[in-house]
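Based on the provided sequences and hints, a complete structural model is requested.
Number of protein chains: 2
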Amino acid sequence: MRVMDMKAPIKVYMTKKLLGVKPSTSVQEASRLMMEFDVGSLVVINDDGNVVGFFTKSDIIRRVIVPGLPYDIPVERIMTRNLITANVNTPLGEVLRKMAEHRIKHILIEEEGKIVGIFTLSDLLEASRRRLETAISAE
Amino acid sequence: MRVMDMKAPIKVYMTKKLLGVKPSTSVQEASRLMMEFDVGSLVVINDDGNVVGFFTKSDIIRRVIVPGLPYDIPVERIMTRNLITANVNTPLGEVLRKMAEHRIKHILIEEEGKIVGIFTLSDLLEASRRRLETAISAE
Numbered sequence: 001m002r003v004m005d006m007k008a009p010i011k012v013y014m015t016k017k018l019l020g021v022k023p024s025t026s027v028q029e030a031s032r033l034m035m036e037f038d039v040g041s042l043v044v045i046n047d048d049g050n051v052v053g054f055f056t057k058s059d060i061i062r063r064v065i066v067p068g069l070p071y072d073i074p075v076e077r078i079m080t081r082n083l084i085t086a087n088v089n090t091p092l093g094e095v096l097r098k099m100a101e102h103r104i105k106h107i108l109i110e111e112e113g114k115i116v117g118i119f120t121l122s123d124l125l126e127a128s129r130r131r132l133e134t135a136i137s138a139e
Numbered sequence: 001m002r003v004m005d006m007k008a009p010i011k012v013y014m015t016k017k018l019l020g021v022k023p024s025t026s027v028q029e030a031s032r033l034m035m036e037f038d039v040g041s042l043v044v045i046n047d048d049g050n051v052v053g054f055f056t057k058s059d060i061i062r063r064v065i066v067p068g069l070p071y072d073i074p075v076e077r078i079m080t081r082n083l084i085t086a087n088v089n090t091p092l093g094e095v096l097r098k099m100a101e102h103r104i105k106h107i108l109i110e111e112e113g114k115i116v117g118i119f120t121l122s123d124l125l126e127a128s129r130r131r132l133e134t135a136i137s138a139e
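Residue numbers (UniProt numbering), protein chains in the order written: chain A, 1 to 139; chain B, 1 to 139.
Simulated from the structure, these hints should not be mistaken for laboratory data. Owing to the predicted nature of the structure, the values given are computational and were not obtained by experimental measurement. C-beta: ideal position from N, C-alpha, C; glycine also. Be careful, since some hints might not be right.
[Unchecked claim] Calculated cross-link-like contacts (lysine-lysine; reagent style DSSO-like; alpha-carbon spacing at most 27 angstroms): (1) A:K11 <-> B:K98; (2) A:K98 <-> B:K16; (3) A:K16 <-> B:K98; (4) A:K114 <-> A:K7; (5) A:K17 <-> B:K98; (6) B:K114 <-> A:K7; (7) A:K114 <-> A:K17; (8) B:K11 <-> B:K98; (9) B:K22 <-> A:K98; (10) B:K7 <-> B:K22; (11) A:K114 <-> A:K22; (12) B:K11 <-> A:K98.
[To be verified] To give an idea of the chain A side of the interface with chain B (calculated C-beta under 10 angstroms), a few residues: (13) P23; (14) I60; (15) I84; (16) V88; (17) L92; (18) L96; (19) K105; (20) L108; (21) S128.
Pasting the structure below:
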């Protein structure tokens, strides 16, 4: 149980399994993908391969179900364009602070301006478990 | 950064802010409540005051949007009846292991057979942050 962990760069804990859809993909199709791949968020990628948006399950519920919009609207209508990111070398502790401050459960990780991964609260659970097991085996 | 934390009973970290709806509440109304109170799950309570079900944002997406059902179906049609719970005195580490094993982000906490709280990955984020701040102030 080392203080080190919180100082380790986020690249140690992030996942590179970043799923992307086109801006024109329907909310229903995107939902199907999220369930199939067991992810809580998707990035939206344009024809040039750039990340132009991001959305979570909360965004679908807030922007589709609550206002009662149809399931076939394109994801570009519900995506967040203002991406909150952290650099790959940012310490875990600082990333957690940023997530808590913005009340977000997923944060995109960038390296030299390119999105290269994502860190989610599920990754935090995984990191906590690994730390726990290390602690137990060291007892 | 004490090993103790993982051994502390979950009641230290759980939240008692448990929001309930009736089995007849519509998915759309439940979604509105989730967004208003910033929670990722709701318990379903019958007229006798017993918890009869539970559902998360994922359940809404998986069981309403993906199959294309209308927003006004009652939550009892999408709720999970088989509740996964942990006792209030279960150590945090064991609860995390159970959550990871079942791949769940929310777990109901019971005391003498009654649901008294919930522990979510957002609570884990909060606990990690508190631990981080303790570690920094001890440096």
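Exercise. Against the structure shown, which of the earlier numbered hints fail to hold, in ascending order?
Worked result: Of the numbered hints, 6, 9, 10, 13, 15, 16, 20 do not hold.
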